[in-house]
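Chains A and B, in that order, are what the protein sequence lines are.
Take the first sequence: its position 298, counted from the start at 1, is 298 in this note's numbering, and no numbers get skipped.
Take the second sequence: its position 484, counted from the start at 1, is 484 in this note's numbering, and no numbers get skipped.
Derived from the structure by calculation, the hints contain no laboratory data.
Any given hint might turn out to be false.
[Unchecked claim] Once the Cα atoms are required to be at most 20 angstroms apart in a straight line, the calculated DMTMM-like pairs of lysine to aspartate or glutamate come out as: (1) K106(A) to D355(B); (2) K280(A) to D294(A); (3) K106(A) to E247(B); (4) K300(A) to D243(A); (5) K101(A) to D355(B); (6) K53(A) to D268(A); (7) K53(A) to E245(A); (8) K307(A) to E260(A); (9) K300(A) to E239(A); (10) K285(A) to D355(B); (11) K296(B) to E247(B); (12) K272(A) to E52(A); (13) K80(A) to D243(A); (14) K264(A) to E52(A); (15) K101(A) to D198(B).
[What the hints assert, rightly or not] Rough simulated footprint, nothing fancy, chain A against chain B, three-plus residues with beta-carbon under 8 angstroms: (16) 144-150; (17) 188-199; (18) 457-470.
Predicted model, so just to flag it, every value in this text is computed and none were measured.
C-beta atoms are modelled at their ideal positions from N, C-alpha and C, and glycine is treated no differently.
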Amino acid sequence: MTRILIGALLALAALHVHAQDAYPSRPITLIVPFPPGGVADITGRPTAIALEKAIRQPVVIANRPGAGGAVGNSLVANAKPDGYTLLMALSSISVIPEADKLFDRKPAYTLDQLVPIALISADPTILVVHPSLPVKSLQELIALAKAKSGQMSYSTSGIYGALHMPMEMFLHAANLKMRAVHTNGGGPAITILLGGHVEMTVGGPAAVASHVKAGRLRPIVGWGAKRHAAFPQVPTFKELGYDIEYYIWAGMFAPRGTPEPVTKALRDAVRKAVDDPDFKSTMAKIDSPIQYLDAPEFAKYWAADAKRLAEAVNAVGRAEDHK
Amino acid sequence: MDGGVFANLMHGFSVALQPSVLAYAFAGCVIGTLVGMLPGLGPLAGISLLLPATFGLNPIIAIVLLAGVYYGAMYGGSTTSILMRIPGEAASVMTCIDGYAMTQRGRAGPALAIAAIGSFVAGTLSVVALMFLAPTLASFALRFGPPEYTGLLLMGLFVLAYMSGGSMLKTLAMAAVGLLLGMIGIDAMSGYTRFSYDVIELADGIGIVPVAVGLFGLSEILLTAGQPTPPAIQRPTLRQLIPSLEEIKLSVGPISRGSLIGFLIGIIPGSAHIISSFVSYGIERRMSTHPERFGKGAIEGVAGPESANNSAATGAFVPMLALGIPTGPITAVMLAAIMVHGISPGPMLITQQPDLFWGFVASMYVGNVVLLILNLPLVGLFVYLLRIPYSYLYPAILCFCILGVYSVSNSVVDVWIMLGMGAFGYVLRKTGFEPAPIALGLILSPMLELSVRQSLAMSGGSYGIFFERPIAITMFAAAGVLILLGLKPLLFKRKDWREKVGLEDQV
Numbered sequence: 001m002t003r004i005l006i007g008a009l010l011a012l013a014a015l016h017v018h019a020q021d022a023y024p025s026r027p028i029t030l031i032v033p034f035p036p037g038g039v040a041d042i043t044g045r046p047t048a049i050a051l052e053k054a055i056r057q058p059v060v061i062a063n064r065p066g067a068g069g070a071v072g073n074s075l076v077a078n079a080k081p082d083g084y085t086l087l088m089a090l091s092s093i094s095v096i097p098e099a100d101k102l103f104d105r106k107p108a109y110t111l112d113q114l115v116p117i118a119l120i121s122a123d124p125t126i127l128v129v130h131p132s133l134p135v136k137s138l139q140e141l142i143a144l145a146k147a148k149s150g151q152m153s154y155s156t157s158g159i160y161g162a163l164h165m166p167m168e169m170f171l172h173a174a175n176l177k178m179r180a181v182h183t184n185g186g187g188p189a190i191t192i193l194l195g196g197h198v199e200m201t202v203g204g205p206a207a208v209a210s211h212v213k214a215g216r217l218r219p220i221v222g223w224g225a226k227r228h229a230a231f232p233q234v235p236t237f238k239e240l241g242y243d244i245e246y247y248i249w250a251g252m253f254a255p256r257g258t259p260e261p262v263t264k265a266l267r268d269a270v271r272k273a274v275d276d277p278d279f280k281s282t283m284a285k286i287d288s289p290i291q292y293l294d295a296p297e298f299a300k301y302w303a304a305d306a307k308r309l310a311e312a313v314n315a316v317g318r319a320e321d322h323k
Numbered sequence: 001m002d003g004g005v006f007a008n009l010m011h012g013f014s015v016a017l018q019p020s021v022l023a024y025a026f027a028g029c030v031i032g033t034l035v036g037m038l039p040g041l042g043p044l045a046g047i048s049l050l051l052p053a054t055f056g057l058n059p060i061i062a063i064v065l066l067a068g069v070y071y072g073a074m075y076g077g078s079t080t081s082i083l084m085r086i087p088g089e090a091a092s093v094m095t096c097i098d099g100y101a102m103t104q105r106g107r108a109g110p111a112l113a114i115a116a117i118g119s120f121v122a123g124t125l126s127v128v129a130l131m132f133l134a135p136t137l138a139s140f141a142l143r144f145g146p147p148e149y150t151g152l153l154l155m156g157l158f159v160l161a162y163m164s165g166g167s168m169l170k171t172l173a174m175a176a177v178g179l180l181l182g183m184i185g186i187d188a189m190s191g192y193t194r195f196s197y198d199v200i201e202l203a204d205g206i207g208i209v210p211v212a213v214g215l216f217g218l219s220e221i222l223l224t225a226g227q228p229t230p231p232a233i234q235r236p237t238l239r240q241l242i243p244s245l246e247e248i249k250l251s252v253g254p255i256s257r258g259s260l261i262g263f264l265i266g267i268i269p270g271s272a273h274i275i276s277s278f279v280s281y282g283i284e285r286r287m288s289t290h291p292e293r294f295g296k297g298a299i300e301g302v303a304g305p306e307s308a309n310n311s312a313a314t315g316a317f318v319p320m321l322a323l324g325i326p327t328g329p330i331t332a333v334m335l336a337a338i339m340v341h342g343i344s345p346g347p348m349l350i351t352q353q354p355d356l357f358w359g360f361v362a363s364m365y366v367g368n369v370v371l372l373i374l375n376l377p378l379v380g381l382f383v384y385l386l387r388i389p390y391s392y393l394y395p396a397i398l399c400f401c402i403l404g405v406y407s408v409s410n411s412v413v414d415v416w417i418m419l420g421m422g423a424f425g426y427v428l429r430k431t432g433f434e435p436a437p438i439a440l441g442l443i444l445s446p447m448l449e450l451s452v453r454q455s456l457a458m459s460g461g462s463y464g465i466f467f468e469r470p471i472a473i474t475m476f477a478a479a480g481v482l483i484l485l486g487l488k489p490l491l492f493k494r495k496d497w498r499e500k501v502g503l504e505d506q507v
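Taking the hints into account, I'd like the entire structure generated from these sequences.
Set out below in structure tokens:
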């Protein structure tokens, strides 16, 4: 009896040692720093399913919403770097530490605490106006905004939020002044525009597409490097001579210090996952264009994006400096 | 679709009565009832937990299932409120007051029956309204901008001033505590974090779930534990469920008014199903010829709010289905559930997806019948649960509270807030303060602040914006009338009307 027990224990121990060196040997947690139903969540779920197939371990989504993503982001930034706690973050990841700096707050996390694994999707935003506004092009919009300097208003998804930054980039580049009406999310920002309470907002293509089709909103200009497939008639800032670009993107991160073999295994798995036909069809269904970039390219992309966003945050500055 | 409403509805029933759709509607209603009963685990948490499971289903089934959970929770929420003074979810807070008082008077059965019947009537009437009025009413709701919200929320606060049974001074003090708690977190207009003391979870503000579960649920458990002998639990048999003729007569008005108010408030974006029950309670009390009965087991105080929250839950589907606009986090998750299936929400939804819209409408008729059957005979079963000795039951409820609060955003900080609020609520109630206004203050404060400041951002700082817009000015006028009505007895009689009717002694 004792022998059997010892034998079993030894076998277990051997299994354990074996488990230690082969990543992944247990389920992986993918932290989504936003509530269910948001962009990060609806991108994260199909990614987790496809990743599961590629890596042969369950990938569990854990929503840790709070403080515009800061709660979940800092959780992963400070997690054990063993590859079992990963992050599905949005572009706002670069904004939060900058805003913390602006307000002399103890930062919830810093960008160098995270390493990029892969970019999953990126979608340029679109500027939409209420159809009662007598403008059909960017030139007309700028002319009107100059004539009514400081009188026109736009809604945002929240101060320094994903749908506030691109508008500030535009206002800064065109040297315009407008009133920012901050709301608490992308949905409310569109609702308040639909009711005609503000004149314009910035929207994700998927969120505004049906309203544009129904004539409730008019698209004016996009932030992409080239025209958006769903809005081929809408020009970009780039073609109109403004050097501004902005994307809402979703990417996967791991804590800094994650061993090289682990990140390599993850990168290989994500590469396979984004090629998965089920993943592709799910992403197409939710109108989220797959924009896969492997770690080295994603790191470059992220650095450039973080720089643009940091400039925008500092251009906005603190609210009271405007008064 | 040009076949007329009736033909469309028949088509909808042909979808909703398919065995698979029917089975999921039933499952949604059962889960919803349970979710509504368990403290802390509200419809939002329930729907969010179920969301991943719906990705593999077809979109009609997904939305029928999730909607069943939502309005099922509105039914279930009343049961624990009435029997144990523990609101299963936030919209049932008002039901606790008179529902539990009825239980103490031995009328738990009729209270449960009226709550279920009121929910059924309101649920069914509001589906009829949803079906006929969806597009028209949705465009009306869009006209509510920040100034209109400010007016609406101010009205809500004035209703709050009258809703609690205790002294007005104590009520206002508690509301102030709630408003102050609502100040915690990032200032939406400037980005400053307020009173968060470097706890990043606090940067988002304090959630209503941990506060409500702590204040109402935990404090009740603590209070009961402190009593020398556990109070006798009412165990109504099926026969005792039948309300008296008097009770039925008293409930007709509140149920019809609650249905109407709830539906109208429901279509306005916000945490409508919670506010609607507060407003309904306030109105019933105001309209009653015997307001002194409120707080002591008035059946109207159960019938009105329970009807209103059900009707508001249905009303919330109007802008969601007709315009693709979520009225709150619950409808936002449901929109996400249909978007995953490639259906884009928006003004085109009803015409492009007639199966989905009419099948959904028909399933709600079916669901309400299912819930009525589930809740009336099953009430006996739920009550049976309470025969479990408190030494087993209360630790179990405590577990559910902690799990439920944690599961909302997987946050341990929320659990601590709940525990702190439980202790706070216990002290308050031991010293004769009613905690309900804290919860409403906490809900209204961030919304009110945001809409005031959004309005001012729109106008560039001019307060004139509140008086230039017809809907807003109507709301402010109504709020003004409410203040005057409230001041009148204070100015012209020496005593508060509450004192006159003997409400000061109650709490």
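Looking at the structure, which of the earlier hints fail to hold?
Per hint list: 1, 3, 5, 7, 8, 9, 13 violated.
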